[in-house]
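Generate coordinates for the entire structure from the input sequences, incorporating the hints supplied.
Number of protein chains: 2
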Amino acid sequence: MYSVFFTPRSVAVVGAANDPARLRGKLLKLVLNSGYAGPVYPVHPRGGVIQGKPAFASLAAIPGGVDLVLIATPGETVPAIVAEAVAAGARGAVILSSGVDEDALKLAIGGADFRYMGPNTEGYAVSGGLACTFAGVVDDAQQNARAAPRPGRKLAIVSQSGGLGFALYGHALAEHLDVHAVLTTGNEGDIECLDMVEHLLDEGEAGVILMFVEGLKTPARLAPVARKAAAAGVPIIIMKIGRSEAGQRAAVSHTAHLTGADTAYDAMFERYGLIRLFDLEAMLAAAAAFARSPQGELKRPVKRAAVVTTSGGAGAWAADLCGIEGVDVPVLSAALQATISPDIPDFGSTANPVDATAQAIEDGGRTLVRILEKVLGSDEIDAAIVNMGLAHAARVRGLADVLAPLIAGSNKPILFHSHIRPSQEALAALADLGGQGYRSFRACATALAALDRYAQFQARGLPELPAKAPVARFPHLGNGVLGEADSAALLAAYGLPMPPSALAGDAEAAMQAAQAMGFPVVLKIQSPNIAHKTEAGGVALNVTADTLAQAFADVTTRSRAYAPHAHIEGVLVQKMMPKGHEIVVGLIRDADFGPLIMVGSGGIYLEVLKDVAFAPVPVSRGDAARLIDQLKTAPILKGVRGQEGGDIAALIDLICRLSDLAGVEGAVEQIDLNPVFVYGPGEGVVAVDSLIVAGRAAPAH
Amino acid sequence: MYSVFFTPRSVAVVGAANDPARLRGKLLKLVLNSGYAGPVYPVHPRGGVIQGKPAFASLAAIPGGVDLVLIATPGETVPAIVAEAVAAGARGAVILSSGVDEDALKLAIGGADFRYMGPNTEGYAVSGGLACTFAGVVDDAQQNARAAPRPGRKLAIVSQSGGLGFALYGHALAEHLDVHAVLTTGNEGDIECLDMVEHLLDEGEAGVILMFVEGLKTPARLAPVARKAAAAGVPIIIMKIGRSEAGQRAAVSHTAHLTGADTAYDAMFERYGLIRLFDLEAMLAAAAAFARSPQGELKRPVKRAAVVTTSGGAGAWAADLCGIEGVDVPVLSAALQATISPDIPDFGSTANPVDATAQAIEDGGRTLVRILEKVLGSDEIDAAIVNMGLAHAARVRGLADVLAPLIAGSNKPILFHSHIRPSQEALAALADLGGQGYRSFRACATALAALDRYAQFQARGLPELPAKAPVARFPHLGNGVLGEADSAALLAAYGLPMPPSALAGDAEAAMQAAQAMGFPVVLKIQSPNIAHKTEAGGVALNVTADTLAQAFADVTTRSRAYAPHAHIEGVLVQKMMPKGHEIVVGLIRDADFGPLIMVGSGGIYLEVLKDVAFAPVPVSRGDAARLIDQLKTAPILKGVRGQEGGDIAALIDLICRLSDLAGVEGAVEQIDLNPVFVYGPGEGVVAVDSLIVAGRAAPAH
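Top line first, the protein sequences correspond to chains A and B. Mind the numbering: the first sequence is residues 1 to 701 in the working numbering, read in order. Mind the numbering: the second sequence is residues 1 to 701 in the working numbering, read in order.
None of the hints are false.
Copies of one chain are not kept apart here, so a pair can be met inside one copy or by any two copies together.
Here are the simulated EDC-like pairs of lysine to aspartate or glutamate, each with C-alpha atoms no more than 16 angstroms apart in a straight line:
| id | residue 1 | residue 2 |
| --- | --- | --- |
| 1 | K638 | E607 |
| 2 | K632 | E607 |
| 3 | K26 | D139 |
| 4 | K154 | D202 |
I should point out that these hints are in silico values taken from the structure, not numbers from a laboratory.
Rendered as structure tokens:
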């Protein structure tokens, strides 16, 4: 689909220059030095020979036309060049120029089957393939290209920012990772990041993808592309910057108020298994962990690490950082300790961290490997961190005979670390054996945590796609806050449990209704003209059989006095529910990703603790359970210290039904169910109060 | 005080070898190559010449004796060598050997005025001074020693683990920091880490100290040494590993149960301004931030950073990471934006992040510096992160004329960062100008956060030392859980507010007492033989005037039935207090650091949210306010969303009074005041229930 960019029939470089120190000279140079075997045409009004190639005065002058056109000329020249390219039969362009009038650009393309990257892209480079960029790091990489790949998965980098994309490339090369491709999309006038991710997945060369984005041009494409990545078992590590407050809609409901600009991205990344990380060390560490994992081996949980060290003090440091990242470093069983004990001197330690002492590598590493094989062979341990000196490449190469088979044969991750500052040469030597040397214990711990996150995602899988397009069952909800009757009808249609209620025209009817549902009850005036019932005196709480008649009279009298011309439909009699665990469940419709379900702890803690969790619709029972588990106050809901927990199954039901509603009712913008009372196990839940905001229908996804 | 280690009159190396590849050969080589100007004596039974120096057959054979003896011979030989050293008039030894019988060692020293480092130390090295170690990194450093120091503070590293201490040295050198000294203390048979920190402070060469410890040998020395560091304005960054559960005493009280093994360390570090960090990147970043700050300029808060970048995409990334570390990146005022606007092209940005574009350094950096001077000259900004390419040293040197005066002249931190992988040469060139190039935005953000933490500490200062030794006012508290009367008496003596209560011998007296304090009341049986009152039926809640007589009879009858032979002292009548905000305040006595005060949110949230904070005694009003602020639920106590907050001043009073008690009553091991009801502003607090555990008196500190 994007073959014009990766396997073009020919490439023209417009404005090509001789001097490789200038941008357009370097662009031509990198194209020529890449592994691209097809014809490359420098284009320059003066013609002649540029970097040893005959130059053409214009794209039109190239006999037989051209397929891919690289443009790094001033922005104002770009539309005309693109028009020329289209006329010359080109199928695509890489527009490295900035300051391009994108409307003029689209006009120049017209209806032609023509794709472009940029403007304002720094282009892309494929190892052993075509390089269409002037990034200096590619120059270096071409000169230091390796003949044979290292063991493991290849990395690809996809970034909107060219500067950051190629900067990451430099960092990844310094970690001795095999980088298959760097693809930067710039302003994304046409091609966007997700296109390039999809291309990589179709192509199948990259085993792990590192994305760097400010936002997605077409958010709706995230789910299908992520689904493809999940099916291929290719993890995506994503760094998303720009947590801007702008664009956040006015908050009417509580749910909307608690939704940050990035909440939907977070919820989508979590659902679709993208590993979101925020800092360079963590991103590189996670990329390395996936890169060094054998194909098809990313489904094992990584919860329990062994730390095996040749130097005592470092082990505890590793264990502390594993703890911070939620990776356990459990004491090995007595039986396992007994099996490794013969290989560990008295001044070492067989517990975990395992202090194998410097002796473990003095026999060419055979002792170290014996210990690791036993530890990793047990079912007590999911991964190993091996701390040893990585200052000298010769030492690493001296261990090659035993380390390479250990790494190749292990179905559990083995991470190497050097507390002594590692040398690039030693790290490179280790990478040649398929091993990764991490530069800090934090990097090791974040790497293990990333592996576990991805394994968890793979274990739970992705929801089935909805079988057919959703149908709006309540198409005429109008705009704004729904009335009580409309709200109740909508919620009831989806089976959301609410307190029993009935509309009563007079006190006698109210008494009958109340007797049927049981006292105490609440009375609420019902009028389309009275928005603020409490202010109008239109609400009476805790009404008993004794006080009902008087309360009914009070509520109607006060409301008439408050709004003499209001149309009174009657008085709603609602059963007053006993208190339960207070929870909030909500729905918000994100402009990018459609409806999200929110679950939060109730009352004052919701905002003070920001104790909320979000997931995109549809929400499965498993998703709902995870939402509840994400709450800081989840232990209370599950019962702590002898106090009774709540009916979790019923709460999961309610969440899933709200998700059903959100998936179908495209005109519902926001819902707060606040509070939801969660009663004891088997005793159900009830949405005591609700606020529903309808608006223009947004497409469900 | 430690002059024998740093300026000895002479040094002997026992078992010195010729081959510098062997440990004892390298030890001699490093001594000889260090800046040490005094005589160095190789000692070897065979005599001869070793590394160009005449060797002596024994320490005794050295004419005029020897001052400092370095020992790296097998452990079993060490006591005899030390005995010889003492006899030869030596004042100290560095014992690099492991496996030393420390009792025999002490016997060998006897009453001599003789100090030693180790055993099992990797020794120490002072730049331009004496190096007593075989660490390879010192060898490298000696060969690459710089003639002139860089601008800024010098770093010193103090570590128990030799391996990690010298590993940190290597890392610090790779960050182009000037390291004054690396001091490793090993098993700390005599000299401990805090001795070396104190030495560094007395000496005054190091401007920032990086400590790496598993625990402190003499915890009581932390406070005085930290006090000295604070007075000198020398920040201490500490990495403490080994958060072991071992040694934690059996938890009787709630407070003890919530105290982790490291809680006391954390509380002490916080009180005494030690910056505790956990991972290598953060430690190096903080060390660099302090090292590059001019002397005497560590008192400014660092809360608002400007990010000035020559490459657009990177700015938002920097801002995100600042946000994670709690450093604000505020939009610049319109006025400030107007002043920098002429220097920023249209495709840049004057907001914050400030995108100065690549043009800002194209004129030799004058534009960049003009922008930075204006931004840092405003009172809107406390620090700047400058993102620019640091791949080429020549480029940095080309900016020297403008950058060096900018850095030297700024009283606010300027941190440099390169999103392109920086080269060591460029970072070194920047360090020569007094600037620090950080390797990640996370490093920048943690550096700024560390500067702010230290400034906050300097602003609040340290508590005055208690004027005199504490006196136990209740010396005969006995052992175990105190009775209600003893508890009440103790708490009352320190002015801790409790509900009114009175002991009544009969129902009539109870009625009189209850009428005096107001109904409802609680009745509690009082007997030294009944520990579990509720189980015995000895408690009646919510007693009114109508029910008092019956309740009194019930309580006594049930208790007598439960424990027929119990001595009943009477019935305690206690006013039943209205509910307030629920808080827990506690006291725990740490084996290392003495009494700690705990403040936690009340009820179920205490444990579910682990919402507790600790501080060592004495707790000032400011400390108490900070303890409250540390609670996740603090906003509730302070009043949110129109709900009334609590009487914070009264809660602070209560905390300080408990601190007074803890400082004086050495025999009190644990106190829980649970719950403390905090009423509305001006309405006070009351400790509704208390549990006090007395034990053997521990020394207050």
